[in-house]
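Asker: Sequence:
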Amino acid sequence: MQTQPDHAYPAHWEADVVLRDGGTARIRPITAEDADRLVSFYEQVSDESKYYRFFAPYPRLSAKDVHRFTHHDYVDRVGLAVTVGGEFIATVRFDRIDPTGRPASAPADEAEVAFLVQDAHQGRGVASALLEHIAAVARERGIRRFAAEVLPANGKMIKVFRDAGYTQKRSFEEGSVHLTLDLEPTAESLAVQRGREQRAEARSVQRLLAPRSVAVIGTGRAPGGVGRTVLRNLLGAGYTGRTYAVNRAFAESQTELEGVPAFRSVGEIVARTAEPVDLAIVAVPAERVPEAVADCGEHGVQGLVVLSAGYAESGAQGRLLQRELVRQARSYGMRIIGPNAFGIINTSQAVRLNASLAPETPAAGRIGLFTQSGAIGIALLAGLHRRGAGLSSFISSGNRADVSGNDFLQYWYEDQDTDVVLLYLETIGNPRKFSRLARRTAAVKPVVVVKGARHSGSEPPGHAVPATRVPDATVGALLRQAGVIRVDTVTELVDAGILLADQPLPAGPRVAILGNSESLGLLTYDACLAAGLRPLPPLDLTTAATPSDFRSALARALADEGCDSVVVTAIPWVGEDGDPQAGDGEVLAAALRDAAATAPAKPVMVVHVELGGLADALSAATSTRTVPGQPPAAAPPAEGTPDTRGPADASEAGGAAQDAPGARPTGSRIPAYPAAERAVRALSEAVGYAQWRRQAAEPGRVPEYDDIDESGAGARIEALLQAPGDARGITLAPADAHDLLARYGIHVRPTLPAPGPDDAVRAAGRLGYPVALKTTAPHLRHRADLGGVRLDLANEEQLRQAYAELTELLGKPEELQPVVQAMAPRGVDTVVRAALDPAVGAVLSFGLAGAPSELLGDTSHRLVPATDRDAAELIRSIRSAPLLFGWRGSAPVDTPALEELLLRVSRLVDDHPEVIGISLEPVVVAQHGLTVLGASVRLAPPTTQSDLGPRRLPSY
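The sequence shown begins at 446 in our numbering and counts up by one.
If you are wondering where the hints come from, they were derived from the structure by calculation, not from laboratory data.
Every residue gets a Cβ at the ideal spot worked out from N, C-alpha and C, and that includes glycine.
Do not take every clue at face value.
Derived lysine-lysine pairs resembling DSSO-like cross-links, with alpha carbons at most 30 Å apart [what the hints assert, rightly or not]:
(1) 604 <-> 614
(2) 509 <-> 495
(3) 495 <-> 604
Computed Cβ-Cβ distance ranges for the label pairs, DEER-style [to be verified]:
(4) 505 <-> 594: 19 to 25 Å
(5) 736 <-> 1142: 48 to 54 Å
(6) 513 <-> 743: 29 to 35 Å
(7) 612 <-> 568: 24 to 30 Å
(8) 1198 <-> 1236: 17 to 23 Å
(9) 478 <-> 670: 41 to 47 Å
(10) 697 <-> 743: 20 to 26 Å
(11) 820 <-> 700: 33 to 39 Å
(12) 1150 <-> 544: 18 to 24 Å
(13) 1142 <-> 1374: 30 to 36 Å
Start from the sequences, fold in the hints, and give me the full structure.
Answerer: If you want it as structure tokens, here you go:
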């Protein structure tokens, strides 16, 4: 009879991970039912690897070994396995030991660890992923160090430990290398983890976008239908790899369809051609998809694009089918785009992949486009095509059950063919990770986002992701902190995208305006002022201006050091005979391009009204549209980065390196807009992004404060959480909250209870006059407008009179819970808050107390930990900020003291994840110093942050 483990099976240790080569695998605890899998796994390990594991020849496992390696208590003895297709490909085990190396139990905090990876899967990053997960498990069980014995010849395993980024010690003892790893995460270990995550997820996307072969499963025998449409689009785009049509209903005699080989299954393709299939496009009814996925998984397909509908968008049963689809595909190491997807496109000359329902392949260009909606994807493709913009790649993910916008940010970050990233998102499954990835990508290329479903508070039906509780305004602020350009409509997405792809970034907000219409120039001038730009007086060239006049004026404006960008306004001009000049648009476009080509690199854009041919002519030369047959020269990928150039020879690949900021893209087009407001909105976004990027080059710092008692605060928090209370969190008593805040240098002005007038007088005597008398009842707190606060009470008589008025007007003392507080210096009332959201993490917020923040929502937000630059921007980014800086002749307040307070609050919630909420209200900021008059703190047991633990794929 098998013994049962001491602790319940820890299901939360299960995780799907992306390996170095882009394939997926599952990590899970080993159980007693895994005996046969373990024996089979061990039989496939080479004798050399067995020798490295056991330091001696060890051809097979004994029954005792199998029992030992499959029975764990999940506390002192833990084993994890990596599985693909349900079979083990690697294992890791730790055993808790005492200082002498003997088996031990808690509180011993060291464990011996050992790995074994099947030879066929070595080099895929399996051991590195296992180390991340087994280290997280060990920390959860109170283990702080790993000890490992490794033979000197086992260089691969030594490298895994050495490259992990943990603090470690190494010694040579009795013929083996003895390694000790401190499991406390370090900046280096986190950087290593995120670097591996980026490379693996980018590679998984590259395998989808640049397959060497594609099978369309569900290709109809008759014309029409989704499968035949995709096959026709693949052929029409000139896909450079091998293409197969698959339908289980094909007759045995049918060997060809539309000129491509036809088969009844992927297995038949592999058996007859001895060639692998890299990508499968699945276009069969939902009930037949599992069969198709199994066929693909068992024959080495690397990725799936599932166009089939009938999943989460159809209801609860469909959601279950979708989850099972993801589990099935990942069990074979495959990733999925979809289901209910529109498809993917890669315009690289080396690939030319149109595995989508888009009837026309977009022109090759420099924009990467991701959308969660097929309908929006169609609209964006059409809009970009009309504006002459080309794409590097396009993805419409449908229900986004697996591959998401985060994966494509990982890919586009280093993709040499992409200069601008455009995203249409309806849900953000992991906002914290998205913010991190977007910030890193935005530091090298623009990321523009339009988010749908902003106000509904729930995800679209097909998206099986948890809806975040963070208000949309907060999400917008966090995106801005990450350098993301957020726009409101798909039209604005296109407007901003073509400007950023075609023109250099502006050096500042100064805008020159010139054109042949005084009225259109004034409209542009007003739009610039409304957008926060600094327009120069418009230059009216008059309606008699010729293209030569435009050329000269634009050249002068671009050469002017007093301007950073130029907006050209143009209306049709009339010849001497009263008729419009023939070819006026084409001639003007040529003149403007000539002027821009030889002038300093500054962005140029055109606002036109009914000027025939101008927009088309301006888009004739473009950095986002590659001339067919003339791809730009490709730079080879850097070592260790994905080669996205596809199945053709690398020397034939397209893709130019990204232009340096401020440089004019070679052969760039000049974007044209039919309205001044649209052009200026795009320009203002480019100005803001350019400023963020300059600042990002010199990031802020998180300051240290000598008076912070981090360990004392931690001990106090631990003691407070041990008291009985709600598992969702406890609100600290005022004294406890003030004590905790004081340990971080945040001092709250004391208050004394005043249950009666005599008590109020005694309290005032202790605090010193003048004092304030305030009610603290929940319905009256911070509501001076209801008369619950009396200020500047200079003596006992005034205090007693105020007390009598309060109780007469608002109720009995036991209802009002009055307190007495010493008066603070006069200043501006503000509010500082920090809150922990499960999806986003800790968020620091700031606003002015009362109506500005509560009624108008004038509040700014930043992710924790906040830097000194974040704190300064928090204060200055609210609309009511002028009240802090001397509005209408008032004295400016002490904003440096306010910034320090924000940074101290940030440090407190960052150092102690148990602090789930802080509210300081009001904080009175005076000319010199500030006073915190009220504070509340909430604590809860810490939760695991999805972006801070070992890397894993989301599981919805």
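Asker: Confirm or reject each hint.
Answerer: Hints and how they fare:
1. With a CA separation close to 14 Å, the supplied pair residue 604 and residue 614 stays within the 30 Å bound.
2. Our distance criterion of 30 Å between C-alpha atoms is met by residue 509 and residue 495, whose separation comes to about 17 Å.
3. A distance of roughly 18 Å separates the Cα atoms of residue 495 and residue 604; the hinted pair therefore holds under the 30 Å criterion.
4. For residue 505 and residue 594, the hinted distance range of 19 to 25 Å is satisfied, since their beta carbons lie about 22 Å from each other.
5. Distance hint for residue 736 and residue 1142: a CB-CB separation of about 53 Å, consistent with the stated range 48 to 54 Å.
6. Separated by about 33 Å at the C-beta atoms, residue 513 and residue 743 satisfy the suggested range of 29 to 35 Å.
7. Hint check: residue 612 to residue 568, Cβ distance near 26 Å, so the stated range 24 to 30 Å holds.
8. Remark: the range hint 17 to 23 Å for residue 1198 to residue 1236 is upheld by a beta-carbon distance near 19 Å.
9. A hinted range of 41 to 47 Å holds for the C-beta pair residue 478 and residue 670, which are about 44 Å apart.
10. Here the CB-CB span from residue 697 to residue 743 is close to 21 Å, well matched to the stated 20 to 26 Å.
11. Evaluation of the 33 to 39 Å hint for residue 820 and residue 700 yields a pass: the beta carbon distance comes to about 38 Å.
12. Take residue 1150 and residue 544: their Cβ atoms lie about 37 Å apart, and the range 18 to 24 Å is violated.
13. At about 34 Å, the CB distance of residue 1142 to residue 1374 agrees with the hint of 30 to 36 Å.
Of the numbered hints listed earlier, the single one contradicted by the structure is hint 12.
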